[in-house]
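Engineer: In the numbering used here, the protein residues as written are 1 to 1194.
The set of hints was computed from the structure by calculation and includes no laboratory data.
Please note that the accuracy of each hint is not assured.
Restraint-style ranges between C-beta atoms, simulated for each label pair [stated by the list, open to error]:
(1) R661 with K505: 29 to 35 Å
(2) D654 with G805: 35 to 41 Å
(3) D306 with S251: 39 to 45 Å
(4) K889 with N314: 29 to 35 Å
(5) Q272 with G904: 47 to 53 Å
Derived pair list, reagent style PhoX-like, types lysine-lysine, alpha-carbon separation capped at 25 Å [stated by the list, open to error]:
(6) K299 with K1086
(7) K360 with K44
(8) K550 with K588
(9) K309 with K186
(10) K298 with K896
(11) K299 with K889
(12) K550 with K568
Virtual Cβ for every residue (Gly too), placed ideally from N, Cα, C.
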Amino acid sequence: MAGQPPPWAYTAVLLCALSLGGAIEIPMDPSIQNELSQPPTITKQSVKDHIVDPRDNILIECEAKGNPAPSFHWTRNSKFFNIAKDPRVSMRRRSGTLVIDFRSGGRPEEYEGEYQCFARNKFGTALSNRIRLQVSKSPLWPKENLDPVVVQEGAPLTLQCNPPPGLPSPVIFWMSSSMEPITQDKRVSQGHNGDLYFSNVMLQDMQTDYSCNARFHFTHTIQQKNPFTLKVLTNHPYNDSSLRNHPDMYSARGVAERTPSFMYPQGTASSQMVLRGMDLLLECIASGVPTPDIAWYKKGGDLPSDKAKFENFNKALRITNVSEEDSGEYFCLASNKMGSIRHTISVRVKAAPYWLDEPKNLILAPGEDGRLVCRANGNPKPTVQWMVNGEPLQSAPPNPNREVAGDTIIFRDTQISSRAVYQCNTSNEHGYLLANAFVSVLDVPPRMLSPRNQLIRVILYNRTRLDCPFFGSPIPTLRWFKNGQGSNLDGGNYHVYENGSLEIKMIRKEDQGIYTCVATNILGKAENQVRLEVKDPTRIYRMPEDQVAKRGTTVQLECRVKHDPSLKLAVSWLKDDEPLYISNRMKKEEDSLTIFGVAERDQGSYTCVASTELDQDLAKAYLTVLADQATPTNRLAALPKGRPDRPRDLELTDLAERSVRLTWIPGDDNNSPITDYVVQFEEDQFQPGVWHDHSKFPGSVNSAVLRLSPYVNYQFRVIAINEVGSSHPSLPSERYRTSGAPPESNPSDVKGEGTRKNNMEITWTPMNATSAFGPNLRYIVKWRRRETRETWNNVTVWGSRYVVGQTPVYVPYEIRVQAENDFGKGPEPDTVIGYSGEDYPRAAPTDVKIRVLNSTAISLQWNRVYSDTVQGQLREYRAYYWRESSLLKNLWVSQKRQQAGFPGDRLRGVVSRLFPYSNYKLEMVVVNGRGDGPRSETKEFTTPEGVPSAPRRFRVRQPNLETINLEWDHPEHPNGILIGYTLKYVAFNGTKVGKQIVENFSPNQTKFTVQRADPVSRYRFSLSARTQVGSGEAVTEESPAPPNEATPTAAYTNNQADIATQGWFIGLMCAIALLVLILLIVCFIKRSRGGKYPVREKKDVPLGPEDPKEEDGSFDYSDEDNKPLQGSQTSLDGTIKQQESDDSLVDYGEGGEGQFNEDGSFIGQYTVKKDKEETEGNESSEATSPVNAIYSLA
1 MAGQPPPWAY
11 TAVLLCALSL
21 GGAIEIPMDP
31 SIQNELSQPP
41 TITKQSVKDH
51 IVDPRDNILI
61 ECEAKGNPAP
71 SFHWTRNSKF
81 FNIAKDPRVS
91 MRRRSGTLVI
101 DFRSGGRPEE
111 YEGEYQCFAR
121 NKFGTALSNR
131 IRLQVSKSPL
141 WPKENLDPVV
151 VQEGAPLTLQ
161 CNPPPGLPSP
171 VIFWMSSSME
181 PITQDKRVSQ
191 GHNGDLYFSN
201 VMLQDMQTDY
211 SCNARFHFTH
221 TIQQKNPFTL
231 KVLTNHPYND
241 SSLRNHPDMY
251 SARGVAERTP
261 SFMYPQGTAS
271 SQMVLRGMDL
281 LLECIASGVP
291 TPDIAWYKKG
301 GDLPSDKAKF
311 ENFNKALRIT
321 NVSEEDSGEY
331 FCLASNKMGS
341 IRHTISVRVK
351 AAPYWLDEPK
361 NLILAPGEDG
371 RLVCRANGNP
381 KPTVQWMVNG
391 EPLQSAPPNP
401 NREVAGDTII
411 FRDTQISSRA
421 VYQCNTSNEH
431 GYLLANAFVS
441 VLDVPPRMLS
451 PRNQLIRVIL
461 YNRTRLDCPF
471 FGSPIPTLRW
481 FKNGQGSNLD
491 GGNYHVYENG
501 SLEIKMIRKE
511 DQGIYTCVAT
521 NILGKAENQV
531 RLEVKDPTRI
541 YRMPEDQVAK
551 RGTTVQLECR
561 VKHDPSLKLA
571 VSWLKDDEPL
581 YISNRMKKEE
591 DSLTIFGVAE
601 RDQGSYTCVA
611 STELDQDLAK
621 AYLTVLADQA
631 TPTNRLAALP
641 KGRPDRPRDL
651 ELTDLAERSV
661 RLTWIPGDDN
671 NSPITDYVVQ
681 FEEDQFQPGV
691 WHDHSKFPGS
701 VNSAVLRLSP
711 YVNYQFRVIA
721 INEVGSSHPS
731 LPSERYRTSG
741 APPESNPSDV
751 KGEGTRKNNM
761 EITWTPMNAT
771 SAFGPNLRYI
781 VKWRRRETRE
791 TWNNVTVWGS
801 RYVVGQTPVY
811 VPYEIRVQAE
821 NDFGKGPEPD
831 TVIGYSGEDY
841 PRAAPTDVKI
851 RVLNSTAISL
861 QWNRVYSDTV
871 QGQLREYRAY
881 YWRESSLLKN
891 LWVSQKRQQA
901 GFPGDRLRGV
911 VSRLFPYSNY
921 KLEMVVVNGR
931 GDGPRSETKE
941 FTTPEGVPSA
951 PRRFRVRQPN
961 LETINLEWDH
971 PEHPNGILIG
981 YTLKYVAFNG
991 TKVGKQIVEN
1001 FSPNQTKFTV
1011 QRADPVSRYR
1021 FSLSARTQVG
1031 SGEAVTEESP
1041 APPNEATPTA
1051 AYTNNQADIA
1061 TQGWFIGLMC
1071 AIALLVLILL
1081 IVCFIKRSRG
1091 GKYPVREKKD
1101 VPLGPEDPKE
1111 EDGSFDYSDE
1121 DNKPLQGSQT
1131 SLDGTIKQQE
1141 SDDSLVDYGE
1151 GGEGQFNEDG
1161 SFIGQYTVKK
1171 DKEETEGNES
1181 SEATSPVNAI
1191 YSLA
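With the sequences and hints as input, model every part of the structure.
Structural biologist: Now the structure itself:
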């Protein structure tokens, strides 16, 4: 009985709705189906727009059920359709489905039209929808000769498809005449109308032709239009493929850049209507050079992220399953580096009719009342038309028991003659809904629907439900009895649901027996019996314990089970939560599992599962396997620490009324001393089977005196704890019930609050089992109006709430809740103050005055309302305000209502965060716990001009090293009349910052170009908009870092004129100057000493670190005048620069000419002039060269 209910179990639930006039299905029991009469119900029909394949026979479906079985007839175009006169038309047996056969010839188009099916029996007539039959069409493309399309490179182009009108519309796609698909991207794409759009034409577009293809659904055919051929006029006739990846492809090909313009839709604004529940598709296709990017926005809000998606390279916005809140103004923004334009699309959401309350079949008993409701919504609001048996209700015979009230038909004192099928047709210009609902009047004595004398078995202390499905009209009343006793079972441990099921909250042994359910109405009664057997639970009383074993030994895991002897027991084992395979090394017995020759693979968790057909119990243990060599001699050091074993042999002694001594034997501590014992208890009255912590004791004791509460049937268990964890709970002790006593406390958290304006709900936290102190715990609830001398009202309640009705609005009450059981009452309770329900305030604040503080805030002042008009606790005065319009023309504003609350009994407040330069309206209300009161007189005020918000979309671009381009959009919130923009910028290089420059622009200027002072420094820009009030929030951006900022050498090579400002360059120059000074000193010293230095005989050998003679200080030179050494640097034009200097190393050399770069590096350019006299007179004259000095030092 605790499992899945049988299929007929829902019937009683349905029958409970009869008294409410709800939809009822006849029970599926065949015996009832065949006996009860039922008007027709349409069960299957074709769709409203029925499109058929002309190559197949036509099938128009219509099926219905009823008792007796209904007959069918059809209308075509609102006229009777005589099927017998047309040999091609037949109707399926026992069905209204039409079959039109064309195997013997005929044209399907002749049968197009609007069809409607009528299903009739003697109790009424049901109608199908009006089915519009259409034959699929796939017309041929008209023949046409297409001239080549001539277009200038970079210009926009639209290739029109204009497919033939098909039914349904064909799927359009573009291919070449060789059936290669046309590659589509941001520049070239197909619109929703099938046309192919080129945002700008490039030379490579003429490499193929373009053919529009239409694929028709029913015929599965593809028709191809004659292809278009493109002829592209260009200033760059060579189609160099390398230019396609050029960063500025258009400039490289000589194509002029253009601002975007819209190809579809045309103009700056358009409108679109979409039906609720359909998909909204908005499309914007733009031309321009470079190809524009498309972005989508919604005015006054965000795009619905859960329904919106972008298609066709962001050119289309699709919003699925649109609803009324999706209406509004959307705009697409097309932008490239030349500028941007926008197109606004006003979206209106209309709606075909949709159901709010669809009429349902109505089954009544004679003399009962009921109603049919047909409520639908749509835009525009749909009209409702009622029909009965397919005829307008106005022309039907009058029925005194029937009353039509708009979308509702009310039936009073129905009789058998009231049976009929009613149709509700609701329609507007976008569609219609048709629903059938029959009214059936049944006169049926009670009948039981479940098998008789069922046997239900349930486990002790569990919850169970006894089902008794029944049927009857009028609805029978159901009562339960046990063992033939006369008292009805309901309340306490029993609960009877509305469908007749009996729930027993906690099964005990005494609940076993025979239960009888009796269903009664004015026509008779029926009864059934259920036999309930209570079984003992399955429990593992000796569980397997964690073990540590050496490899090769034998291990036994115990699992001893106690179960109900009338149930079949099955014991199985799991290893690591998977079914255990019993190998030849294992032996499974009724109460144990033995493993012989334990191996390392046997390590893991073992779970014993003891189960019967009604319940099961589990116990788990872990087996640790040690290798031979891992077994040390010291057992305490060898074995790992583990959780303690469970305590055992619990014993109760020293039994007293309010205490007992509990003694236990500790289990093995598994090499980790026991630190604590936790004693838990379970009671079998309020929460059977749930264990609660009672007390905690040190690990050194094994006996303790436990304090007990009256009238609790205790059972105890003990858990041991060490540093590793907790043991398994011990086996429970025997039970001990303490004697009862009156309660010593009362329930807590007593409250009195109104849930309606004319009541007060008294609630409290119920007492638990250990504070009940006796059987039949109940509560005496007392209340009276405060500050009156009324006598106390009182009532006894078994739950945790009581509702006092018919109270005045918001008056204080004194409340007392006292506990009581069969042994007596609790102590005198405390008095708590509660209040009855609140009603809406009756008055609004008066004399509301507004003072404008600044452009975003106002001050409010009002007169307080009288306290008796509040009708509750005054929570706050609340101001509702909304932005009516902006003082700026053509600026759309959101009129969403906002609110500001002023808690308590205040008379003034401030409303802030307003929009400047706007017209506002404001109303005030009083708010209590029930809600808002009436609104005050509407006040109007205007906020003054303020500072604007930050400019939007501030872009900084650096096309080259000479200029920086700035672009921005107007602020989202001008907050006044813009008088211009202020741009502040400063150059910076590392930690050095230049002088700030300020530029002021007109309000219409949104671009500016900055001429760079040098190509190395970066710039920091700050842009703000201005009104007469001042400058608004600034937006800050920085110019991008140049790619060579991190390489000083490259910067020097490309920008020699700017490198002198670098810090590293100044330091390097200082170091070189110091080195030159040292070299000069060394030269003078050497010259004064007259030292000799060897000279290489070999000429024209470059100086380099690889020269093996460097170490001896030798130096090669050339005899030819003005001939540079190999490896010397030359100037950028290939010549050797000679520089005259009054203070150079040339003065100290012999005809050599040296040169320093700007960074101080020495260029090894050196020539020797022949001087015969000096050469003959001094063999060591070359030693005076400073270069020789350098190499001699090396």
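Engineer: Take the hints in turn and mark each one as holding or not.
Structural biologist: Outcome of the hint check:
1. R661 with K505: 29 to 35 Å: Once the Cβ atoms are compared, 34 Å apart, the range 29 to 35 Å for K505 and R661 holds.
2. D654 with G805: 35 to 41 Å: Distance hint for D654, G805 is violated at roughly 53 Å.
3. D306 with S251: 39 to 45 Å: holds (43 Å)
4. K889 with N314: 29 to 35 Å: holds (31 Å)
5. Q272 with G904: 47 to 53 Å: holds (50 Å)
6. K299 with K1086: Distance of about 87 Å is beyond 25 Å: violated.
7. K360 with K44: holds (17 Å)
8. K550 with K588: holds (21 Å)
9. K309 with K186: holds (17 Å)
10. K298 with K896: holds (15 Å)
11. K299 with K889: Holds. K299 to K889 sits at ~16 Å (cutoff 25 Å).
12. K550 with K568: violated (37 Å)
Taken one by one, the earlier hints fail for this structure at numbers 2, 6, 12, listed in ascending order.
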